[in-house]
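K.L.:
Protein chains in written order, with our numbering: chain A, 1 to 279; chain B, 1 to 340.
Keep in mind that the hints were calculated from the coordinates and are not lab data.
Check each hint, because a few of them may be wrong.
Chain A regions said to be covered by chain B (calculated; three or more residues, Cβ under 8 Å) [stated by the list, open to error]:
1) 24-34
2) 42-53
3) 110-118
4) 218-228
5) 258-267
Note that the Cβ used here is the ideal one computed from N, Cα and C, for glycine as well.
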Amino acid sequence: MIAVALRQQSIGSVLAACWAIFVRDARIALSYQLNFWLQWVTVLFSVGLSYFLGRLISPSAAFGVGGHQESYFDYVAINIAFLRFQQTALQSFALAIRESQMAGTLEATLVTPVKLSVIVLSAGLWAFFNTALQTGSYLLLAIPFGLDLHRADVVTVLVFLVLTVLCIAPLGVVAASAVIMFKQIGPFEFFITGLSNVVGGVYFPVAMLPLPLAIAAWLLPITHALNGLRGGLQGASLAQVSSDALWLTLASAILLPVSLAFFAAAVKRAKLDGTLGQY
Amino acid sequence: MISTSQSIIEIRSVSKSFPLSYDIATWLRYVGRVPRRQALRDITLDVRAGELLALLGPNGAGKTTLLKLLATLSIPDTGSIRINGIDAAQHQLEVRAMIGLCPSEERSFYYRLTARQNLEFFGALAGLRRTTLRRRIQEATQSVNLDGVLDRRYDSFSSGVRQRLALARALLADPVILLLDEPTRAVDPLQALSIRKFIQEELVKRQGKTVILATNLLEEAWQLADRIAVIHDGSIGAIGPPQTLHESGAGIAVYEIVFDRPDPDLEVRLREIARFGTYDISAVNGTLTARVSVEASPAALTDLMRAISGAGSVRGFRPINPEPAHVFGQVIERVRKASS
C-alpha cells in the first residue's frame, strides 16, 4: 500500500518538499543577518564599479547586439549581473551539500522518502531566489547611472534566464557530487568561473578573442547565456538569439540527466564505502 | 495491517565492509582496491511485527552499521534486506516511508533553527502537510515531554533535549518501524527511565510498532527487549528472549546451591565443579551459597549433581537467571573463540 502511494507521489508532494527545503535555507540564511545584508551592500558596490569602468571606455558597436553601438557600462553591468547566476548555479548545490555534511543533517535528509534529484535540485532554490532579487536590484540601481533597459524584450530575458539556470545548474550538481565523494568543495567551480570570466564574454566581447579561445568560449554556457540575456535586455527578440537558445536547450537536455546520474552514483558510492555521514 | 506473527524485517546473509582508509595515498597505493574492514559478517535475522529487538554489543560491534543498512543509508556488500516484503536496495523510497530513524549522533539537526522549524522541515520531507504536520509535531513532542521548548533554537538545547528531539522526529510520520540508535545515550537516569517506559509501554505495547533498539546498556536491553541479539565483531553471537538467552545464546545454565554445613573441602570441590564454567560463593548465617555456571546440557547437569553430592549437606538447589553481564560476557567469549 505504501509502495503504491509512493509510486503515485503527486507533483504536490514534490513541490511540498521543494518548498520545505527553500524555507529551511531561507531561515538559515536570514539567521546570519550581517552576512545577508552585506550581500546587498556588495550589490551597490558592484554598480559603482561598473559605472566607473564604463566611463574609462568609449561606446562601441562591439558591445552591442547586431552592430548597435552600446556603452561599456551597459555591456559590463548586464554581464556582471548575470554572472551571479552562473556563480549561484555552480556553487549553491555544492555549498548546500557541504553544509549538510558539516551540520550532520545529510543522512537525516536522505532517510526521508524524497527522491535524490528533488533533494539536490531544491538545494539551490533559495540561492537562485536570492540571486534573482539581487540581480534585479542591481539592474534597477544601474538605471540612474545610465543603464538603458527601455528596449528590453521581457520574453527573451525570461527564457534565457530559465535556460541559463537549467544549463549551468548541472555543473553545480556535478560539483555537489564531488562534495559527496571528496568532502571538500573542489576547484571545479572556481575553474569554470575563472574560464568564464576570461573567455565567456563577461568583461569583453568574445569576438575580440583569438580563434582557439573563441572556440572554447563557444563551448561555455555562459557565452550563450550572456549573449541571449544581453540581447534580450537590448531589445533582441527570441528569434534573433535563437541559435544561443537552441545551444542552451540542447546542453541542458544532455547535462541535467547526466549530472543527476552523477549525483546518484556519488551517493551510492558513499553508501557503499560508508562515508555518507562523514565530513 | 500487519499480523504480529509475520516477519516485517528479513535480513539474509548480509555482510558489510568499509575501506581501511579513505585517503588518496592509500587509494593510489592499492590502485583503487583498498583493503576493507569487515563490519558485518553474514547476518541473517528476522524481526516480527510489533517486536522490540535489542541489538546489544560493545562499541564498534556493528550495531549502527546494521541500523544504517535498514534505513537505506548504507548498501550491503552481499545479502538482502526486505522490509515488509519490499527489497530495501531496489525500493529505497518505499522502505524509507516505513521507517523512523533516531540516530545517536547529536549532529543531525539544523543548529540555527528552532525545534519546531527543524521538525517542520523533516516532517514535510516525510510527506506530512499543514494541519497534519502541526498536529503530529504537537503529539510527537508531547510524547517525549518537549512541548515547552519547541520555539527555542536547537543550539540552546542540552544533550538530553537533543536526544528526545531526535526521538520525536523519528515518530513524526508515525512509521511502522522505529530504528533507535542508543536513544538514552545522552540523557540523565530519570529521563532514561522515562524514555524506556515510553518505548516499551507506548510505542510497542499500545501502538504496536516494531522497534530495533541498538544499545550497549545491558539493563536497557534486558528490561525492554522481547529478544536480544548480541553482536560482536560484526557477527550475531546469540539471539533470544532475555529470560533464556543464557541457555540459547551463551550455552550456560546457572544453579544456586545452598550448603547447610561448611565443608573445609568445599572450595576444592567447587573448583572441580567449575571445570564446566564459573562459580562464586557467599556465606550467609552459617550457610554457604554457591552460584555455579555450567554448560547448558543434561550431561553437564548430571556431572554437577554428582560433584556436589559429597560436598556437604545440600539444603537447596535451583536454576537461576544469571546476571546479564555474565551472559553477555559468555556470549562474547564464545564468539571470540569461534572466530579465532
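K.L.:
Hint by hint, which ones does the structure fall short of?
P.N.:
2, 4 and 5
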